[in-house]
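A.B. asks: The chain contents come next:
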Amino acid sequence: MSFRLQAQELTCERDDRCLFRDLDIEVGSGDLVRIEGPNGSGKTTLLKILSGQLDDYRGSLSWCGQDLRSVRGTFLANLLYLGHTSGVNAGLTALENLAWYQALSGDIGDTAGRMAALASVGLAGFEDVLVAQLSAGQQRRVALARLELTPRPLWILDEPFTAIDKEGVAALEHRLVSHVSQGGSVLMTTHHEMPSLGQVRSIRLGEMRWQ
Amino acid sequence: MSHVGPLTLREPRGGLGVAVVATLRRDMTLKLRRRSEVMNPLVFFALVITLFPLGVAPESKLLSTIAPGLLWVAALLATLLSLDSLFRVDFDDGSLEQMMLSHQPLAMLVLPKVAAHWLLTGLPLALMAPLLGVLLSLPAGSYGVLSLSLALGSASLSLVGAIGAALTVGVSRGGVLLSLLVLPLYIPVLIFGTGAIQAAIAGSGVAPHLAMLGAMLAAALMLAPWAIAASLRISLNG
Numbered sequence: 000m001s002f003r004l005q006a007q008e009l010t011c012e013r014d015d016r017c018l019f020r021d022l023d024i025e026v027g028s029g030d031l032v033r034i035e036g037p038n039g040s041g042k043t044t045l046l047k048i049l050s051g052q053l054d055d056y057r058g059s060l061s062w063c064g065q066d067l068r069s070v071r072g073t074f075l076a077n078l079l080y081l082g083h084t085s086g087v088n089a090g091l092t093a094l095e096n097l098a099w100y101q102a103l104s105g106d107i108g109d110t111a112g113r114m115a116a117l118a119s120v121g122l123a124g125f126e127d128v129l130v131a132q133l134s135a136g137q138q139r140r141v142a143l144a145r146l147e148l149t150p151r152p153l154w155i156l157d158e159p160f161t162a163i164d165k166e167g168v169a170a171l172e173h174r175l176v177s178h179v180s181q182g183g184s185v186l187m188t189t190h191h192e193m194p195s196l197g198q199v200r201s202i203r204l205g206e207m208r209w210q
Numbered sequence: 000m001s002h003v004g005p006l007t008l009r010e011p012r013g014g015l016g017v018a019v020v021a022t023l024r025r026d027m028t029l030k031l032r033r034r035s036e037v038m039n040p041l042v043f044f045a046l047v048i049t050l051f052p053l054g055v056a057p058e059s060k061l062l063s064t065i066a067p068g069l070l071w072v073a074a075l076l077a078t079l080l081s082l083d084s085l086f087r088v089d090f091d092d093g094s095l096e097q098m099m100l101s102h103q104p105l106a107m108l109v110l111p112k113v114a115a116h117w118l119l120t121g122l123p124l125a126l127m128a129p130l131l132g133v134l135l136s137l138p139a140g141s142y143g144v145l146s147l148s149l150a151l152g153s154a155s156l157s158l159v160g161a162i163g164a165a166l167t168v169g170v171s172r173g174g175v176l177l178s179l180l181v182l183p184l185y186i187p188v189l190i191f192g193t194g195a196i197q198a199a200i201a202g203s204g205v206a207p208h209l210a211m212l213g214a215m216l217a218a219a220l221m222l223a224p225w226a227i228a229a230s231l232r233i234s235l236n237g
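Chains as they are written, first to last, in numbering that gives the first Met the number 0: chain A, 0 to 210; chain B, 0 to 237.
Hints are not guaranteed to be accurate.
DEER-style ranges, computed between Cβ atoms [unchecked claim]: (1) D127/A with L80/B: 31 to 37 Å; (2) W225/B with V168/A: 40 to 46 Å; (3) L176/B with G182/A: 44 to 50 Å; (4) H83/A with M107/B: 22 to 28 Å; (5) V133/B with R13/A: 55 to 61 Å; (6) A89/A with V133/B: 37 to 43 Å; (7) L80/B with S201/A: 47 to 53 Å; (8) V88/B with T161/A: 18 to 24 Å.
In silico negatives: residues of chain A with every beta carbon more than 10 Å from chain B [unchecked claim]: (9) E12; (10) R13; (11) R16; (12) E25; (13) S61; (14) D66; (15) T110; (16) V128; (17) F160; (18) A169; (19) E172; (20) M193.
Now the stretches of chain A that chain B is said to cover, found in silico as 3 or more residues with beta-carbon under 8 Å [as the list claims (entries may be wrong)]: (21) 80–87; (22) 140–153.
Don't read these hints as lab results, they were simulated from the structure. Every residue, glycine too, gets a C-beta built ideally from N, C-alpha and C.
My request is simple: use the sequences and hints to build the entire structure.
C.D. replies: Here it is, written out as structure tokens:
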């Protein structure tokens with residue numbers, strides 16, 4: 000399996016402020032890329048552009064050598080994006096949330112698989128509890144269970160460590176490394192130090208303003 | 000650690016049916032868990048209709064003249080009340096963003112959401128209307144047409160209203176804006192809806208009015224999903 004998400008000469012301006020200019024990014028199989036920068040430097044905007052959600056940029060984006068807009072369906076089928084908001088509905092149980100996400104990607108799935116995914120993020124025993132009654136960290140873990148449930152090669156994660164406890168962070172780091180070693184790739188933002196992750200490429204945003 | 004199969008590049012293979020059914024089931028479950036939200040428009044409808052004879056005059060002749068219009072206007076406003084929350088929760092918790100990142104066409108995913116709205120707002124209003132018709136001494140023989148016209152019409156109202164809800168979902172208090180956007184588009188439905196009941200009372204042909212309502216529903220079914228999807232894109236990423 001080989002794939003490549005490529006951005007060339009990416010430039011984005013917001014409210015007359017240049018967030019980044021002529022950025023070249025390439026994410027391929029086995030890459031772990033971290034986007035750094037102070038608050039407001041455009042990390043989330045960059046991730047949204049790279050996941051095909053925002054259109055107000057200059058430059059070109061391609062997936063496996065083809066223009067991203069023309070292969071959007073294929074790209075989205077291989078992408079798992081977790082944003083600032085967890086995408087977990089508080090009025091449903093953890094299992095129901097996961098079942099819906101599985102169905103969105105076209106799988107019916109089975110309860111056993113969803114239970115296993117929840118157990119792997121430390122939510123065994125909370126499967127049938129309404130998400131509204133879970134803690135912030137646990138709600139975040141429900142979203143993270145999707146990493147286990149739907150095998151997608153490219154993960155784009157916006158601050159995945161938010162609200163997660165120490166053990167959870169260690170487990171997630173371990174999961175990121177194993178995903179990369181299986182040939183997947185991860186593109187993420189975090190303020191968290193990640194010494195245990197080994198080979199991490201960093202892209203720094205937010206330095207243009209002082210030039 | 001992982002129980003899933005090896006990583007492979009995936010083709011965006013179908014599964015649209017699965018996604019649509021799951022979305023319908025999800026939205027029905029959510030709405031049925033928040034009973035008060037389902038009950039709100041129904042209570043509003045019942046209150047308006049019960050208060051009206053007290054405010055005007057309990058003369059059955061007068062009431063039966065204004066009954067078709069009154070029932071329809073009250074049902075229309077009740078629908079309008081319930082629209083604002085259609086996409087609000089999904090917008091706030093990020094589910095909407097995830098729906099857009101699915102490889103399924105967004106227009107087909109919003110359709111079950113609108114269907115759930117109609118099943119738990121429009122349809123109950125249509126079923127409840129004959130009971131309230133009795134209060135307004137609506138002439139016998141027009142009750143079936145009342146329900147049918149409301150069922151057909153409210154489906155169009157849900158579809159058209161969802162466009163407005165999608166456009167205003169990013170606005171923190173979009174309720175007023177939503178009403179202003181959507182009301183002009185509701186007027187044709189209102190005219191033919193009340194027209195059907197008046198025709199039934201007068202004993203003339205009901206079919207043309209109901210056919211018009213059906214035609215409007217067909218047009219809304221065809222066009223509204225695309226408009227809703229486009230509006231959601233504007234609201235989220237515009």
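A.B. asks: Are there hints from earlier that the structure breaks, and if so, what are their numbers?
C.D. replies: Failing hints: none at all.
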